[in-house]
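Here's the letter readout for the chains.
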Amino acid sequence: MLKRGRGIALSWYGTGYGNGFPDYSVATVELAENGEILLRVGATEVGQGSKTIMPQVCAEVLGIHSDQVHMICEDTREFLDSGTAAASRQTYNTGNAVLKASESFKKALLEEARLYLKLNSTAGLEMADQKIWLPIFPSRKTTFAELASHLKSEGRVLAVTDSFTAQTIGMNPETGEGVPYWPYTFNAYGTEVEVDTETGRVQVLQAWCVQDVGRAINPDLVEGQIDGGFVMGLGYALYEDLGVKDGVIKNNKFAKYIIPTAMDIPTIHKYIVEDPENTAPYGAKGIGEPTMVPVAPAILNAIYDAIGIRIFELPATPDVVLKAIVADREAKAKAAVAEGADANG
Amino acid sequence: MSTLKSVGQRIQRKDARAKLTGTALYPQDIEMENCVYGATVRSEIPHGYFTLDLTEAEKAPGVIRIFTAADVTGHNVHGVLFKDHEVLCARKVRRVGDPIAFVVAETQAQADDACALVKVSYEALPAVFDPKEAMKEGAPQVHDGKDNLIYHYKCRRGDVTKGFADSAVVIEREYVSPFVDHVFLQPESGLAYMEEDKVIVVASTQYPHFDQIEVAEAIGWELEQVVILNPVVGGAFGGREDISMQIHLALATIALGRPVKTTMAREESFYAHSKRHPVFMRLKVGAAEDGKLLALEAELHGDTGAYASWAINVMRKAGVHITGPYEIENVFVDSYSVYTNNPYAGAMRGFGATQVPVAYEQHMDILAEALGMTPYEIRMKNLFRKGSVTANGQVLTESVPLETCLEILNQAMNGGSEAAGLDAASSGTKAVPGSDSAAVQERSVTEHA
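Sequences listed follow chains H and V, in order.
For the first sequence, position 118 (counting from the first letter as 1) is numbered 118 according to our numbering, and the numbering increases by one without interruption.
Just so we're on the same page, our numbering is the position in the second sequence counted from 1, plus 1000.
Same shape as in the complex, but just chain V (with noise of 0.2 Å):
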């Protein structure tokens, strides 16, 4: 019996009103008097160096300023792991889409129109797109004296060749997740300002402490210095991780001394953060004649695009559940982190661990099919349980209850009796979860459609 009064009530979001309402502030709706708007110049090329000719843009109508490498005072980089990314690209660019100049101008329209003006000169560079391709020798080098390889993961336990050989089936699959985007619904825009002595900057972000070190060592600023505003957030998925242009606003508004504000299209907004790494995953299960798992080998390379982000943590993630929740005796994993001359990757709601089971639990299934077992049952023979050991050696001691998932599952997709055997997922048994398979609480299964 519960008796908690505030932990499990259905509270209303705090949030909700102002949000359904209009009411709520974000970044974009904040105006300040006698600011100036900021455009961001971007790479057209995925790779190669450039020069740049601001004569006709700085004469343009309304511009101010124009920022470029040069402009910054402090570290020239930043990044949530390596300090890869350019504030603003000094003289080689990476992707499309790389900044490499920010106009100020007295209209968002007038610094957008200047941005047209900004001639850039490319050298062009031979670009890498495939990570595969980017981890062989004499591949393009994306970062210079830096292996294009950056993060490889291991998992070995027990003896795979042997697991095969007891197999009754192995299967053997390629599967392929591509570049997705966050598409939160408010796209970046921010302002920043000065207070005194402190650089304040407004904008939507999942990490206002990590954004203040960002700013401050980019400006050449004391911590104390830098002040982030994170009024209210449209959405981030992990996409709003990785500063966009929090450091090009606080460079503009201290040379400047007047507020400066973005704000991005959509289209733009598409090159300005991170996307899903690509994963490229081969994956080879074997499994006994009674459905249990053998031995799991798995090959997958996560394509990071031309700065690493949160690269290393993804397919860290993704080597790890690559297993999926079963137990398996004998593993094999190498999970790679690579870069190219692709957009970006970085988080993305789950992080690496989304991008796997598109082929961990195809793979039950074409087992299953193999073997003459349902999808059902071919998970509940290998599913972890409390007490399981995962292929990292780590012991599930409690809150392990996907045997009751999957037989609450079972029940409500194949409740009636007439579903028997018309589908693949709903010819399992119809047994109800037993009372001593986890501490599930009267009230707290509920179905809510």
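Next comes chain H alone, as it looks inside the complex (with noise of 0.2 Å):
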């Protein structure tokens, strides 16, 4: 019999190192030879879109397009050391140094701009779209591509260096008590989910991903994060088993080590909620753990909806779920006959 249920589980997620340890990230931006921007930063593109995000905030702080700044982040050689691209730490702690240093950075590019237009000082002065120029008297005005080449002619390089250190306090070893973590990203997760009581298996219906960004610094991206967070924790929930025996895996090939396809995925109805964080880089928070923290629960919870049995060690494969319907049926038939004897008796 197919049997139909739905779930929902809630998380939370504290990013970053966390319990006190300096949460340190740094970054530098350049003023290139032809006027474009250079964002040398030490946040690993993993996937989760830091050489798109990053860039965004720059670019925000400019007033100019993000495809008109590159970031470098592949040679030890061309950037600092902004930490791990882990911890869905990136987007918080290097994301506000990126902030910082643009803001940085923009003051600085309009100190040499007032030198360049011989003005007094930098007041009034506007800058968007890689230009300069004072409102109340537009014929003063100069781009980012003309400063550049100015500062190439006088043998200068304009680079701007700014960190930033995520505020976290170490937890009394005995009682727990501190910060562990800051900020933390909530989310609230559902599924409906089928399952087949002849077989066991467990099909995942539809998916609601409701999820707190702080700020959705690129909506794509968050999505994309959601998508892959939810296919992830689909897999954990219902078919991921290295099967480690005596130390052994012997689910060491795709053949045994089952992970979705395509054909697994449900419809994923997604629910950015925005509601920045003041200390974030525009109100922007960590989501690339976060997307895959409450689909088991949900998942496991919409099992039991189903099928009136609860799944306590993961995964919920075929067999597992086959065996605990058996098992319950067979409680459930010895419950009955111990009831008809107390009947007769």
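Since the hints were made in silico from the structure, they are not lab data.
Predicted, not measured: the structure shown is a model, and the values here were computed from it.
Sample of chain V residues facing chain H (criterion: CB under 7 Å; computed from the structure):
| no. | residue |
| --- | --- |
| 1 | Arg-1013 |
| 2 | Lys-1154 |
| 3 | Asp-1181 |
| 4 | Arg-1266 |
| 5 | Asn-1341 |
| 6 | Gly-1350 |
| 7 | Thr-1354 |
| 8 | Asn-1392 |
Calculated pairs, DMTMM-like style, for lysine to aspartate or glutamate (alpha carbon to alpha carbon, straight line, at most 20 Å):
| no. | chain 1 | residue 1 | chain 2 | residue 2 |
| --- | --- | --- | --- | --- |
| 9 | H | Lys-253 | V | Glu-1268 |
| 10 | V | Lys-1198 | H | Glu-78 |
| 11 | H | Lys-250 | V | Glu-1267 |
| 12 | H | Lys-253 | V | Glu-1267 |
| 13 | H | Lys-245 | V | Glu-1044 |
| 14 | V | Lys-1005 | H | Asp-220 |
Derived Cβ-Cβ restraints for the label pairs, each shown as a range:
| no. | chain 1 | residue 1 | chain 2 | residue 2 | range |
| --- | --- | --- | --- | --- | --- |
| 15 | H | Asp-319 | V | His-1075 | 43 to 49 Å |
| 16 | H | Lys-3 | V | Arg-1091 | 52 to 58 Å |
| 17 | V | Val-1077 | H | Lys-3 | 51 to 57 Å |
| 18 | V | Glu-1267 | H | Ala-336 | 47 to 53 Å |
| 19 | V | Ala-1255 | H | Val-326 | 56 to 62 Å |
The beta carbon of each residue, even a glycine, is placed where N, CA and C say it ideally should be.
Make the complex out of the two chains shown on their own, each in a separate frame, by following the hints.
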């Protein structure tokens, strides 16, 4: 029999190294010879989108298009250490360093423009679309490219570095009192599943993912993370197990270590909730890990809703679910017999 | 009203075109002239001493040199927290898959073939595969002179005994999360070469500057003489935080003066990087008649396998997050990280916070059913809001839109009236978020199916 059920799960996730460990990020913003921007920052692009969103933050500050910001994160000689691309920390932590470095760079570039335009002050100077001008006397104007070639003629490079360190407090080892992480990202996910009681197979039919992001720097990438996090969580809930026995990984190939395919992925309804965090770059918090966290329990709770059986050990593979169904059926039959015997007695 | 021009825009991913069209260069795609190839000999037993006989392998076709622990020119260790991994094991292996020799030959196939000719004689030691067993007195010691228990997180808040005594319902259950792999699409591959006095290591990594430190210390060179190139990463999810073959490649290219490359098959990749920590979770939660959570007690045993990697941070994160996003006055948590002779566990997406909701969110539903409430109601009763205090005494001062998230979820799943009562998740109220519930912006809550 095919039985349907729905389940929900909430989760929270504290980003960053945490527990008082100095979570430090640094970025360098540099004017390239052609007037475009080099953003030197050690936020490895692991697929999460750092090479897209870090330029967006920088571009926002400088009033340019993010295509004109070129991020460099590949060669250890070309950027400073900004920590690991993990702990969902790059958007918040390194994003803040990029924000601060971009703001400092903007000030420095305006000062270069002041000198170049022979003004007494940077007051009133406007910056947008790679141009800098004085609205009260618009002929006093220059461009990023012009300033870049001027700097080159003087043998100078304009590069500004700034950093950010997150705020956490080491916990008391006896009580746990402290600030282990900050900020936290929240979410509420739900699923609808169909359980085949003859085979134990579980299929997820629909998913609803409501994700707090602080602010979405790039909604497409947030949705991509939700898709990816959901898929990974689905595999964790229903398929994936290395089958480690006596230290040996039994399921060491894709014939045995089963991961979701496109056929297993339901319609995923995605909702982005923005509630900007003051200390974050434009309010944005990390979401790379959070998007996976509530998926498994949302599925397990839906399985219970469908068949009235709880799975306490992952993954809920067909054999595990079927065994639980059979055990439940036998237990109920036994109880019924016992009840019958009592009644007869 | 947002006045932002770049932030909030759906800018196309900068890396999308190259990855989709196949022009992105992953380490495996990079070939160099005069290159030689390496393959790793790995232990086949989980715990024991060993000796090596290289005679046959050294005579195999194309073999140039076989590197062992004796060839490590700096410190024969690495590790993100503790330096407990050996670059190449010297005399003892602690898990199946420990690297014990690195064979370099003219082709990858020759290197792979020669690996099979390396004779490893083992003297097996008793092994332990269960973290609770490993914590017992007299259990096999995974690292000589070191306790298997490497971390114990404690959270003590309020008085759980009183909390349970005051509870209308107390539920206790055990949950288990298994060994899981990241299965990033691109298995480990890398190459190293010399550029004047510098060694260049090309590898996919999450943290190039940390790899630089680990390589420099292991080869005994100055930091500035080591360069990490991280061209394109084919997925990571935490599995590229620990060193895999970076140091082997650096040692080999320095010794041979030729570029050295290695690429692992999927089967080897499973042994080459960390796993998600299996966590054994015992959770006991008490609630009042109205669903208010009064006490939580949890015991979490995390199996870090043969090496610590991020074990302390992972089980700390598990211990902090086991309360769920709920206000609870009385909390008592013990979370342990323990060595065993299993594959080593480390960082993986969610990092301890992914395992624990398997327990705490199932528990919420079990409690709700026992109290005759819906899953929605019990969560709404207890969830974190602005001003909530966590079990660690941390005040959540802003950006806590969890109530909004749950309301939106409830609306979305239970939009039509016909759904009411059909399922456990959808029978809650249908309130929309109030105007004071976080600054949810006009355009900010959008559905994208």
